[in-house]
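> Going left to right, the sequence shown walks through residues 1 to 252 as UniProt numbering numbers them.
Do not rely on the hints blindly, as some may be mistaken.
No more than 30 Å apart at the CA atoms, straight line, and that leaves these computed lysine-lysine pairs for BS3-like [claimed, not checked]:
(1) 153 <-> 178
(2) 153 <-> 171
(3) 53 <-> 171
(4) 54 <-> 178
(5) 42 <-> 153
(6) 17 <-> 64
(7) 41 <-> 185
(8) 17 <-> 54
(9) 53 <-> 42
(10) 17 <-> 171
Hints listed in this document are in silico derivations from the structure and should not be mistaken for laboratory results.
As the structure is a computational prediction, the values presented were derived from the model and not from experiment.
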Amino acid sequence: MAVFSEDGVRIGDVHLKRGQWLRSTRNLIEDLAYVENRQVKKYSTSVINRCIKKLEREQRICTKTHELGTIFTVINYEQYQGFMGSRKKNLEHNLEQYQNIVGTVEEQSGNNNKKDNNAINAMNDFKESTTPNAFVVFEREGFGTLSSTLAEKLGSFIDDFGERWVIEAMKEAAYHSKRSLPYVKSILEDYRRRGVDEPWTVERTQQQKGFIRQQTKTGKPEMRVVSGSPAPEISQEERQRMRELARELKTS
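Put together the whole structure using the sequences plus the hints.
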């Protein structure tokens, strides 16, 4: 938990000021472990690091690497703790913003402990936020419950394409009732292939033009062109030439 005392505390050769916290990634993984379906589950290192970077981008915390771990500094710590000039209030002083971000990565269920309640509150806070969040959009658009595996995959999409592009691709997939990450990835790759810089400005259509891949009776895929115009008719002369060519090939 973050330091509450005005004078700070000393851990080894490190002096931690109010609003600072020293913790290693390995210990954070243990701290944020939770129970689901009677099993203890833990967040991966990449998820933890991604959440830390997100908090830094949002200017909620800043970090400094130390041999004992990472020094976290909560920006505007007193405002978050609700001091308002009063030094006598003994409020719960943990790194609440950090756990809120992690809570959006994977929904915690199956227990009634304090971490579960924090995760639920964090999810509600982010759903009401005006800032788009890909992990919230994932569940809001009906893709299902976000597991750690799906969070990893979604996080890689964000790293490769950008969060706003991923959000728009998920909305596009939901619009076409194809709520799966492979389909979301195909949309992202299509954006990149077509050079779409701002997909959120492109109007969605009821049916995408292109090729529809179907299965024939033999099980082999068949390519069918989707077009709004009928196929051109073949003239009698062309039909006759085709018949003559067929006869020549048959006798040769």
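> None of the hints should be skipped; say for each whether it holds.
Evaluated hints:
no.: 1; hint: 153 <-> 178; verdict: holds (17 Å)
no.: 2; hint: 153 <-> 171; verdict: holds (17 Å)
no.: 3; hint: 53 <-> 171; verdict: holds (25 Å)
no.: 4; hint: 54 <-> 178; verdict: holds (28 Å)
no.: 5; hint: 42 <-> 153; verdict: holds (17 Å)
no.: 6; hint: 17 <-> 64; verdict: holds (13 Å)
no.: 7; hint: 41 <-> 185; verdict: holds (27 Å)
no.: 8; hint: 17 <-> 54; verdict: holds (23 Å)
no.: 9; hint: 53 <-> 42; verdict: holds (19 Å)
no.: 10; hint: 17 <-> 171; verdict: violated (44 Å)
This entry does not satisfy hint 10, going by the numbered hints stated previously; all others are met.
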